[in-house]
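Just so you know, the sequences run in chain order A, B and C. Numbered by my numbering, the letters in the first sequence go through residues 1 to 505 in order. Numbered by my numbering, the letters in the second sequence go through residues 506 to 829 in order. Numbered by my numbering, the letters in the third sequence go through residues 830 to 1156 in order.
By construction, these hints were calculated from the structure, which means they are not laboratory data. In this text, a Cβ means the ideal position worked out from N, Cα and C, and glycines have one as well. Don't take every hint at face value.
[To be verified] From the structure, some residues in chain B lie toward chain A, with a derived Cβ separation under 10 Å:
1) L683
2) V684
3) R687
4) T688
5) T689
6) G691
7) K692
8) H693
9) D700
10) K703
11) A704
12) K706
13) G708
14) G765
15) F807
[Said to hold, decoys possible] Here are the simulated DSS-like cross-link-like pairs (lysine-lysine), alpha carbons at most 27 Å apart as the crow flies:
16) K106/A <-> K139/A
17) K137/A <-> K706/B
18) K703/B <-> K105/A
19) K706/B <-> K139/A
20) K703/B <-> K139/A
21) K706/B <-> K124/A
22) K706/B <-> K105/A
23) K589/B <-> K1063/C
24) K663/B <-> K1067/C
25) K589/B <-> K106/A
26) K124/A <-> K663/B
27) K427/A <-> K703/B
This is what each chain is made of:
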Amino acid sequence: MLLRMRNIHKVFGKVSVLNGVDLQLERGQLLGLVGENGAGKSTLMNILGGLFVPTEGTMTLDENLFAPTSPNEALQAGIAFVHQELNLFPNLSVMENLFISGFPKKRFLGLSLIDQKSAREKAKELLSIVGLNVSEKVKVGQLTAAQQQLLEITKILSRSPRIIIFDEPTTSLTRHEAEKLFQLIERLQSEGIGIIYISHNLEDVMSLADEIMVLRDGNCVRQENQNAFTLPKLIKDMVGRDLETYFPQRDVTPLREKCLEVSQVGAEVVHDVSFSIRKKEVLGLYGLVGAGRSEMARLLYGLDVMQKGTIHWNGQKIQQPSPEKWVQEGVAFLTENRREEGLMIQQSIARNIQLAGLPNYTTPLQTVRFRDLDSDVEQQARANKIKYNNLKDQSVATLSGGNQQKTVLAKWLMIAPKLLILDEPTKGIDIGARHDIYSLVNDLVKKGSSILLISSEIEELIGLCDRILVMGEGRIRDEFHKAAFDRSAILEAALHGKENQTLAT
Amino acid sequence: MKQIQHSGLQWVSNNSTLLLFAVAIALFGILSPAFLSFQNAFNILVQAAALGILATGMTFVLLTAGIDLSVGSIMFLAGVISGKMVVDGAPLWWAGLVVVVIGLEFGCLNALLIYRLKVIPFIVTLATFYVGRGLGLFISDTRAINLPESFLTLGSGKVLGIPLPVILLFFVITLAHLVLTRTTFGKHIYAVGHDPEKARKAGISVNRILLGVYVICGFCAALGGLVAIAQLGAVSPTFGLQSEFMAIAAAILGGVSLFGGRGNVFPGTLIGVLLIQTIQNGLVMVNADPYLYPLITAAVIFLVVGIDSLQNQRREKAKRLGLK
Amino acid sequence: MKRFYTCQGLILVMVVLALACKRPKGRTTIGISFETLQTEYWVASSDALKAACEENGLDYLEAIANGDANRQFEQVNNFISRGVDGIVIAPKDAHTVIPVIKAANRAEIPIVIYNRLPAPNKGSYTTIVADNYEITKQTVRYLGDLARASGKQYKAMILIGDLGDTNAVLRREGFNDAILEYEDVIDVVAEVPTEWNQEKALAGVTNALQANPDIGLIFSSSDFLFPSVISALKNAGKYHPIGHEGHVLLGGFDGDAMAYQLLRSNYLDADGVQNVYYECDLAIQAILDILNGKEVDSVLVDPGFVIHQENLEEMAPKMWGANLEVP
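Using the sequences and the accompanying hints, generate a full structural model.
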């Protein structure tokens, strides 16, 4: 047994992320690790990689006790990571990147210089092993994403690893490039290297893996031989849980009238997207990371430049959308990274909530009716159930993620938006706060607003939406109506949908 | 066809400083025949020596996405102390050694404050800027120090017909080029400049690299100061004022990025320095209106930095598309 | 008991503070504020002002703003609250001095602006300035006469200062207007901007000499640029004393120690001198006059003088640079 992790627990503060996970890996074996976002995959791997120390549990490597306290220690023991974000320096050459942690040296006039000749030869040799056909002199910034990935693997191989962890290695690759990567992985396996492969692409996992482990909510659902799984069964294991009571009921049906119509919108990573939203409708947008959902929303809101397509708002064409115009029209956007884009993090809670609605409290003389404003802000903060000590003096930075999100929501609710775009509103938020946010969404819809909800969590979409669009590779792949919501079907559409299909309603 | 056009444009934007340099030489050459003389070329090189050495040190710092505002003050302090020493009868070599030690000390101080106290380089070096100037003024009583003849002969001395400052400049540039392209330290500077977090993950001691670049910059400042006063023959209380900005401008003109990780000493910074000196020289040669000087310098900086910014935008875009 | 000691301590502190604050009101006190002491000229001025105060039996307070106009304003306010009887200020620039003037007027303390003309304003104040234009003109005239007397044609170069500085601009104008009178013998071929920077001056003079090797007259808008001029002349093999046939006529402005030395060693032909002692006496006298209820003009001009080889012995005692020990 190459690696054994036993009864691994990890608690962050009060939140338990891993609850007693076991993992086994044999020499030359490929273990597929699957689970939803937030299931605990990365925490588990970071424990293996020495970044975190487990709260409880033990690991053995080749039957020897293994307890790394730093990434470097894990690296020394032969555990290598291929992260989604590569650790390469685009401003340096291929050869320089390969040896950045240790160049071959020679002495010249008392100076310790890089031995260019032997470095170049070694680099060529390493590159030929993985079949990366580029000059070692070329700058890494000029390589394609696939070449960069191969280079990262090459770098790892020069340190003779025993276990390689791949985290979503194919997201930036074309199919053809991915196939080449798989061949390389097979070769590594045949050399006795153990591989842990993390991916949302379940088909890849099914075809590559010897064994598959499913994580859900920090628990190991099961680790079994690949033969024991079928794709639908795997999906059910990943998402299967009863969540009906989790989502507050809403008894409003969308009106026939459309408020937003988007047709043939496109830019760099979004292609010909068309859809519409009705009044009092909650439209969900699902897709894997990198499917182009956030990018589409940013285009729509004018945060990035739209290259083609048209947008109609209540029947009127919007020329060159910009956040300023949308706020005037009563359309608000909660971006994915609330800390950077949604909040003035050092300012008080009240200041943050005031911001969007301020023009409504301005008299013709450009003074602000502070008494009205203050009371409305307080009312909104209470309605949103923000937990605070002092509305006016406490900075937003001191709030928890959930309360920060409620603050951003409060800011936009002050202008009673006609359409609210929510991008991952519950990311990193605990269950109680989620429930509050869901209730707020329902209240808004009752009052006549429409919602565009972007989320990576199928349950959330199923629980809240009237309709769900599934995106992949920058296109809309499929559409589901409330009556026909089916977790497996939605996930399947996102993973390998009917490509090139556009839908307009 | 479109491809060729595109790559042509790209070549222009990649070598904008070199092109401007060529244009400047051609233009001044036409306007003033004396400009193209061999002697004048040497003059430009001699005048570029101090700034060139300064800018070389600055390039190291800029490559790590840092900045060093204290170089002018180091120059001044080093000049004052060495001047006082030589006037009091100390031998030249001893004064030179002290100057170099002052430069190294200031570099160490800058680096230590930056990584120990985690204060940004701008603020740290602004503080040491005042320290250096204040000490210099204190020691010199705000009086000009006239240096003995021996100093001047050092500044105008020649070896094999080549002025000493020029030899020193090329020695410094060659060494810096070697360090940046042929040593582990050099490569680590680029890595740290691109992303210190990634560099740390790659097992690079970021602090050691920072210490290295600020020490090099301090050393170059002291050396550049020495070269300058050996030509001037005097140290006035305003000596070295704004030299840091000239050095930064030269490096930026030479294609060194303020955001770190991009640029080189040769040919980059050297071309930037020569461009600045050539323009200054040419304007005097054609006896241009004195009010034009700052305008032309500003125009050149705008042009080159504008082109750099366009390039940067293109790179960013390419990167976004490439990684998605 | 403890409280008793605390009370005693507090009373003691208050007594000490009161004593410290209560200055003997017997002698008249002048507040002297300098923008900076970063040039020899300012240092000499500050020394001369203090000497003038002592001569007249006055006390003085001194503050240096290190180039910060804001700090200078605060320092003057401190003077006012400490109850000085008069203020002499060498201001940062023509505009930031206006609030200072207003503050002094409000406190009804006479204020003298030293060496820089303030921008037009309604306050009441007295300005002491050297006549930059006229002194330069006289200096250049002296050089022009020398040129004409030699019977040769001259090519001339001027080193000009920072064009944001009124003094630099006035000196340039004085030079140009004087040269107009000598068009027949002098042709200006180079104007070298120095931004008051020695390195730029060295490069500029070197380059101008490269372009026009036969330059025979150089005027420097400030004496502190002479090291650069001399270094460039030496490199071009053109540095010769007066009387040598290759001598380049040299003129300067300020009257510092370097210029005095050059005059003594027969290299410098003429130097326009600001009469620091006269200006400082004027400043202190103006304050005393105002305090005694006399009318004082709003601008007092120092006509300065030109020092040259012929009047060197006579004028040297008035030249501030001659009285500094040479470092």
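Comparing the hints with the structure gives:
no. : hint               : verdict
1   : L683               : holds, 7 Å
2   : V684               : holds, 8 Å
3   : R687               : holds, 5 Å
4   : T688               : holds, 6 Å
5   : T689               : holds, 5 Å
6   : G691               : holds, 8 Å
7   : K692               : holds, 5 Å
8   : H693               : holds, 7 Å
9   : D700               : holds, 7 Å
10  : K703               : holds, 5 Å
11  : A704               : holds, 8 Å
12  : K706               : holds, 5 Å
13  : G708               : holds, 4 Å
14  : G765               : holds, 9 Å
15  : F807               : violated, 25 Å
16  : K106/A <-> K139/A  : holds, 23 Å
17  : K137/A <-> K706/B  : holds, 23 Å
18  : K703/B <-> K105/A  : holds, 23 Å
19  : K706/B <-> K139/A  : holds, 20 Å
20  : K703/B <-> K139/A  : holds, 17 Å
21  : K706/B <-> K124/A  : holds, 24 Å
22  : K706/B <-> K105/A  : holds, 22 Å
23  : K589/B <-> K1063/C : holds, 23 Å
24  : K663/B <-> K1067/C : holds, 18 Å
25  : K589/B <-> K106/A  : violated, 43 Å
26  : K124/A <-> K663/B  : violated, 47 Å
27  : K427/A <-> K703/B  : holds, 26 Å
Of the hints listed earlier, those the structure fails to meet are numbers 15, 25 and 26, in rising order.
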